[in-house]
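Chemist: These are the residues of each chain, in order.
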Amino acid sequence: MKKVLSVLLVLVVFLTFTVGPMFAAGQDDRLHVALIVKNLTNPFFVYMKWGGEAAANKYGVRYTCLAPEVEEVEGQIRIMEDLIQQGVDAIVVVPIDSTGIVAGIERANDAGVPIFVSNTRALGGDFVAFAGIDHKTMAETMGKYVVEKLGGSGNVIELEGVPGAQSSIDRGIGFANIFSKEPGIKVLARVPANYNKAKAMQVTEDLLVRFSDIDAIVAYNDSMALGAVEALRGARKLGQIIVTGTDANKDALDSIRAGELTATVDSNPVAQAFVPVEAAIRYLMYNEVPKKEIIVGEGVPKIVDKDNVDEFEASVVQMLKEYGVKAKF
Amino acid sequence: MPDRPSILERSKKILHQIGMNQALFTFLLFFFGSLLFIDQFAISTNLINVFRQGALIFSFSIGMTITMLLSGLDLSIGAVGSLSSVVAATLIISGNVFLGVLVGLIVGALLGLLSGIAIARFSVPSFIMTFSMMKIANGLSLEFTQGQSIYGFDNSFRFIGIGYVGPIPMPLFINFIVLLILVFVLKYTVFGRSVYAVGSNKNAAKFSGISYHFTIMMGYMVSGLFSAFAGLLLIARLGSAESIMGEGWSRQAIAASVLGGVSFAGGKGSIIGTAFGAMCVAILYNILNLLGVDSLWQEFFLGLIILLAVSLDCIKTIWMKKRDTIRQLRKISEEVVA
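Protein chains in written order, with my numbering: chain A, 1 to 329; chain B, 330 to 667.
Among the clues, some could well be false.
[Claimed, not checked] Subject to a maximum C-alpha distance of 20 Å in a straight line, what follows is the list of computed DMTMM-like cross-link-like pairs (lysine to aspartate or glutamate):
1) K144/A x D305/A
2) K250/A x D483/B
3) K186/A x D623/B
[To be verified] Between beta-carbon pairs, the in silico distance windows are:
4) I497/B x D213/A: 23 to 31 Å
5) R78/A x A594/B: 33 to 41 Å
6) G621/B x G184/A: 20 to 28 Å
7) K3/A x L625/B: 45 to 53 Å
8) L625/B x R78/A: 26 to 34 Å
Honestly, the hints are just simulated from the structure, not real lab data. Idealized CB from N, CA, C, for every residue including glycine.
One chain only, chain B, in its complex shape (with noise of 0.2 Å):
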């Protein structure tokens, strides 16, 4: 009589399947430890804090994950996003709200499809490259908005960074359909495919076929698209864009792919790990500042914490080896035995 999987295993199994089961479970622990432990957090105008505070984190990790899954990386998120919303403020405030997001986004393509060429085709190493492209965005804003900031949007485009829908904030509303898209894009779509084919193991993917340039070249240019996206977002919010505004974004980023299950080798992880991890460490910087904990102890935590997480899976993985060759070598045992 063949075994039917029990409910438990088939959940574990789909967990499994979209990539979530280590992301969710770090999720939930903080989720529900925060709840147990400090009174302020469950106050609904706290949950709202935090989800849209994960939401605009998430926004901004989208690039760095796209990329980690490529095995490298995207350094320059933060300047490319500062970079393009400098630019789409100025035609915002001119009255263009419409034209200003576009050029935003496409400014924001752009940047990272220079990048993307220049690690495809020229081997440039994706970290040098997205550093240097850091620089040269950082450099441009500058000269751009010559360190003052740029303000006075009108209402209809600040409702995309203030807004509700019902009770939802407007950041946390976009980016769950920006969520849902890319995991349907990630997951069935040729170019989703290509990303995790190539991260995972790039002369493979060479000879079985995909176009492996063009995945990177793309996968970059994705990563402006969101970071561009990103800053429109944060300055909606903000209700002012300044040029060094994305500071930071790079460091929040990797700590929400990795705490998502984002593999540094390329290849492993998932879009959803992402959301999750965005979440934990939006919790974690929201408990910090509840518990009244001294920011530079902020910092501190936030190490700790990404390495435990890690370490964790490290020990899970091996540990899953271990168990498997013991079962291989029990199985054999008894072969020979019998």
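Excised from the complex, chain A in its bound form (with noise of 0.2 Å):
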């Protein structure tokens, strides 16, 4: 058993010496672009990688997108060690922490790698632009339309997202700017539900519970706010109280045409990393020096509720068709 097996791990190991490179994109001199997301389990990351490869196949380049497997910025840091060693020419990067992610960034420019920002700010290191439509702004947006849709007075409950993760502080921040000028809002509860609908739910559930006049539930995310949505179902509360989320999946979608959720944001993950990729590229291969912070797609963030969401729908289809990216929405 032990000699069977002693030779089987000498074949797996030699096999991916072997035939692993093949799997890779091979030896080519192409200029090779990469772009490092927090993770690719979540739909929002996804698109960011169709996006930056949309840019990458519009100018012939070769194009990496890479997420630690671990959600946490250590891995990001790794990964840009890898890539500098691998003689990458330009790295996006949408840090999973906005300090953190400085000591990597540190690192390319050691190396003469220049970096782009995308998504979630870095508070250091140099580099070359900031590309993408931050959280803050995006909570900003919805906050003013909760507040517009409460008419200027309610009782809000606000899904947190991973405490400690950059995107839930920075939605937290952007939320609390809009709200404590509102002297008719107040925040009943902030309380984390980690992004995971499940856990949302239950929240839910709970504070349904607790408290017995709440207006709004404000989710930093579509998944949690769908979490809240079953949760108001069970309780026979559905269509009672506004709900909104972030980010303008598919299923958030779907749900607001059923007018079960109220609206959510969209900050056009596709957009966001087709042009930072676009900038590197022509960076590199142009010498054009981009604005220190690059305006995506109209520069805002849109809301996307029950009136205006089969044009959104149609939008996004037909943004993925012009960008070249074939999956499907």
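These two chains come separately, so use the hints to put the complex back together.
Modeler: Here it is as structure tokens:
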């Protein structure tokens, strides 16, 4: 048995070194641009992956999209080091942690590899440009919408993301910026549900028992918003309470169309990857130095609710087609 | 005149026999404590929420308990549950509810069996094997879903997650039946008895003619099967399947099992204990939310309470040993005096 296993082990290791590289892009001398996202489990980052791919295809450069196996900034730094080692020409990164990523950016600076940042800000290091719509702006846009929907007064519950996650912190700041200025808005509770639908459902059920006068539930992502929707369905309160999400995922759009979820906010993940990857390529190819802040799309996140959901979805499909992204939406 | 044991003593003995002494105590402590100190706890909607939540926690703790009884553990329950449910979900939305459920359960059982084979035949440590299985299953379900959620189940399927039998929520009802079956299986079948035998003394079990490898393989297969079962209940409740929805299951399952009196050393504990343990975990999360305790502190309290419950059990064991020794010493000294 032992012998069989050791032979097997040797074989697997051997195959990893011989056959493995065949799966890689192989030797190619084209420019190589890499996009590092936070994870590839959230559809948001899958869209970013496609957006970057579209830009790379447009210019015919080599493109890699990577994410750490566990969502930790150390993993992103390790990926950056590996890419630098491989001789990558430029890196676009979506930092998991705004301060933590600085070490990685500095590593790239030392190696002379240009860095672009998207979606989540980096608080240091020398990067060429930030191109993306940050989470604070998204939350502020949604916050204004909620205030408007409530007519300026009401009780709000916030479902936060993973405690300590940069996106959750930034979105929290965005909502606080808006809600704290409105004397009529009272935030009853701010509870983490870890971006997780099941957790959000359970937390919302408990909060519905604790507070009888909730007017709006603001979730920091769509999964949690849909979890809240399910909790309201169980409590037969669906339609009585405003529920909003963030990210404009497909399932959220369907829920809006069904009249369950009130609204979500889109920050165009495809463009948030396409724009910085394109900027990086043009920087390398034509020495075009972009502005420090590149405006993505219309520059502002877009609210999607019942009035524009069909139109919005059509525009996304159209955009994916324009960018040449084959994936279905 | 022989002493007739009092009712109290007899019921104590019965409770001890079905192995739920400590678990029942912890549960009652939690339940009545919450009733007394938290106004909103006793509201019927809240009680229904708590019991349904507890039933779901129980459903994914089954696998952990059985593997812990075998003196192993199963870290892959969440990943296996997620993978089998995303596979099942794809079939369910295409209209084959029955086929979807069946295939989901089979996928779960097969993955469990694979872990079981590696652990039994090749002596791979259960921690390593199930940890690898967790990674493998996670990777597969991510690839399978591409990070998207699968949704659009029809109401006949969702009923098992959100429906009611009279006033009882379906997940609670189903899990109660499962609990009864498992109590019977673990207590009266050859497999059940072998689980305890293998868990408490591997070598003795080997020599006594119990099929050691078979029991371990079956144990992990059952664990995979119930992980898939838990996944199906959860997707029926949530209305969608996501590739990472089983994240955090193993932590909660360990908490439920340990609070229920299942020992990591194997062979000690019971499935009823785990059911009470799961209820304790559900009550804990619920009251912390009702009290408005910051969720960062929720983890802190969960850790603290598990530690206290287990220490209590350890102290009790030490104390009982001491008491026995003192009794024996007294007996000897009395004999000497006589």
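Chemist: The structure should be examined with respect to each hint, and the outcome stated for every one.
Modeler: Verification of the supplied hints:
Taken as a hint, the K144/A and D305/A pair is honoured in the structure, with Cα atoms around 14 Å apart against an allowance of 20 Å. At roughly 18 Å between alpha-carbon atoms, K250/A and D483/B fall within 20 Å of each other, so this suggested pair holds. With a C-alpha separation of about 18 Å, the suggested pair K186/A and D623/B falls inside the 20 Å cut-off, and the hint holds. In this structure, I497/B and D213/A meet the distance hint of 23 to 31 Å, their C-beta atoms being roughly 29 Å apart.
R78/A and A594/B have their C-beta atoms about 38 Å apart, which keeps the hinted 33 to 41 Å range intact. The supplied range of 20 to 28 Å is met by G621/B and G184/A, whose beta-carbon atoms lie about 22 Å from each other. For K3/A and L625/B, the Cβ-Cβ distance of about 51 Å falls inside the hinted range of 45 to 53 Å, so the restraint holds. For the pair L625/B and R78/A, the supplied restraint of 26 to 34 Å holds, since their beta-carbon distance comes to about 27 Å.
In this structure, none of the earlier numbered hints is contradicted; all agree with it.
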